Amino acid sequence: MFAAGLLAVIVALALAVARALRGPTTFDRLIAANSIGVGAILVLALFGFLTDRPEFLDIGLTYALLNIVGTFAVLKFFRYGALGHEGIEEEGG
Amino acid sequence: MMIELLKDALGWVLIGGGGIFVVIGAIGLNRMPDVFTRMQATSVGDTFGAGLMIVGMIVQAGFSLVAAKLLFILLFLWFTGPVATHALARAALIAGVKPVLAPDSPVAPDLDDTAKGGSS
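Chains as they are written, first to last, in the numbering used here: chain V, 1 to 93; chain B, 94 to 213.
Hints listed in this document are in silico derivations from the structure and should not be mistaken for laboratory results. Keep in mind that this is a model prediction, so the values were computed, not measured. We put the beta carbon where it would ideally sit given N, CA and C, even for glycine.
Simulated restraints, written as ranges between beta carbons of each label pair: (1) V:THR62 / B:LEU98: 33 to 39 Å; (2) V:LEU21 / B:GLN133: 17 to 23 Å; (3) V:ARG22 / B:LYS191: 15 to 21 Å; (4) B:THR130 / V:ALA82: 28 to 34 Å; (5) B:PHE172 / V:PHE47: 23 to 29 Å; (6) V:ILE10 / B:PHE165: 23 to 29 Å; (7) B:VAL106 / V:TYR80: 43 to 49 Å.
Extracted from the complex, chain B is given alone in its bound form (with noise of 0.2 Å):
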C-alpha cells in the first residue's frame, strides 16, 4: 500500500516535471531570436525532459521487460540527442549562420578548413 503510494507519488513528480520542461523547450524553440539559442533551448529541454518522464515510465513499470525497454530508449536519446545537435550546430556555422546575438565572433580555424574542402 504505502509503495503504491510512493510509486504513484514518484511518476506524478516525474513525469509532470518532465512535461513541463519538454512544454519550456517547445516554448523556447519558438521565443528565441537565432538557430543556435533555439538549438540549445530545445536540445537541453528535450534531453531533460524526455529522460525524466522515461524514468517515470520506469519507476510506474517496476522491474519489467518493459522498463529495459524504456531504459534503451533512454540510452538511445542520451547519446543520440547531443551529437544529432552538435551536427546541426556545426553544419549551421559552415553553412554561414552567424549567431544574432554575437555576429562578428571568430569562427574556429578547422572548421574554416573543412568548409574549403580539406581533410576533416
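Okay, chain V solo, but in the shape it has when bound (with noise of 0.2 Å):
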C-alpha cells in the first residue's frame, strides 16, 4: 500500500515539475514549488514507512517548516526586489 501511494505522489510530483518548468508567471512556478514541497514531505514518510526507518519523519517535519518560509521569501523578494526591505514607519519618520 505504500509503494502504491508513493507511486502516486511521484506522478504528482512529475506534473508538478511540468507546471513549474512551463508556468507563464512567476505565481504558477510557486504554486508548482509549494505542491512539490508537500510531494516531498509525502515521499519522505511514505519511504520511511515503506523501508521502515521511521527517522526520514524529522526530514519530513523540517522540510514542512521550511516550506512555506521558502514561499513567503520568494513573494517578498518579487515584491520588494530585497529581502530586507524597509518598514513604512521608517520611511516616513
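Join the two chains into one complex using the hints; note that each chain is given alone, in its own frame.
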C-alpha cells in the first residue's frame, strides 16, 4: 500500500515539475513549488514506512516548516526586490 | 487478527484515496486556465490528499512516537497550506494578474490601498 501511494505521489510530483518549468508567471511556478514541497514530505514519510526507517519523518517535519518560509521569502523578494525591505514607519520618519 | 485486517483495509482506503486526490490536484495544476483556478485545484488536492495519506499512515503506525510526528506534520500542512495559498492569491492580485474567467472583476479596495504602499 505504501508503494502504491509512493507511485501516486511521484506521478503528482512529475506533473508539478512540468507546471513549474512551463508556468507563464512567477505565481504559477510558486504554486508548483509549494505542491512539490508537500509531495516531498509525503515521499519522505512513505519511503520511511516502506523501508522501516521512521527517522525520515524528522526530515519531513523540517521540510514542512521550511516550505512556507521559502514561499513567503520568494513572494517578498518579487514584491520588493529585496528581502531586507525597510518598514513603512521608518520611511516617514 | 481481525484488528490487523481492519488496519490494512483502512490503510489501503486512506492512502489510496489520498493518492487519487494528490494526482487529481496535480492534473488540475496542469489543465486549469489561469493562476487562481490552478491554485484552487492544487491547494485543495494537496491539503486533502496529503491529509488522507498521513491519517492512513497514522492508522498503520498505531499508538507510538511515529504517529505523534505524523500528527505534527499533518497539523503543519493544514495550517501552512491555506496560508501560503492565500498569500499567493493576494500577491498575484496585487501584481496585476487578472483572472481569465472574470477579467473585469473589481479588485478589493484594501488591495488597492496596499498596492500604493499604504498601511497594511
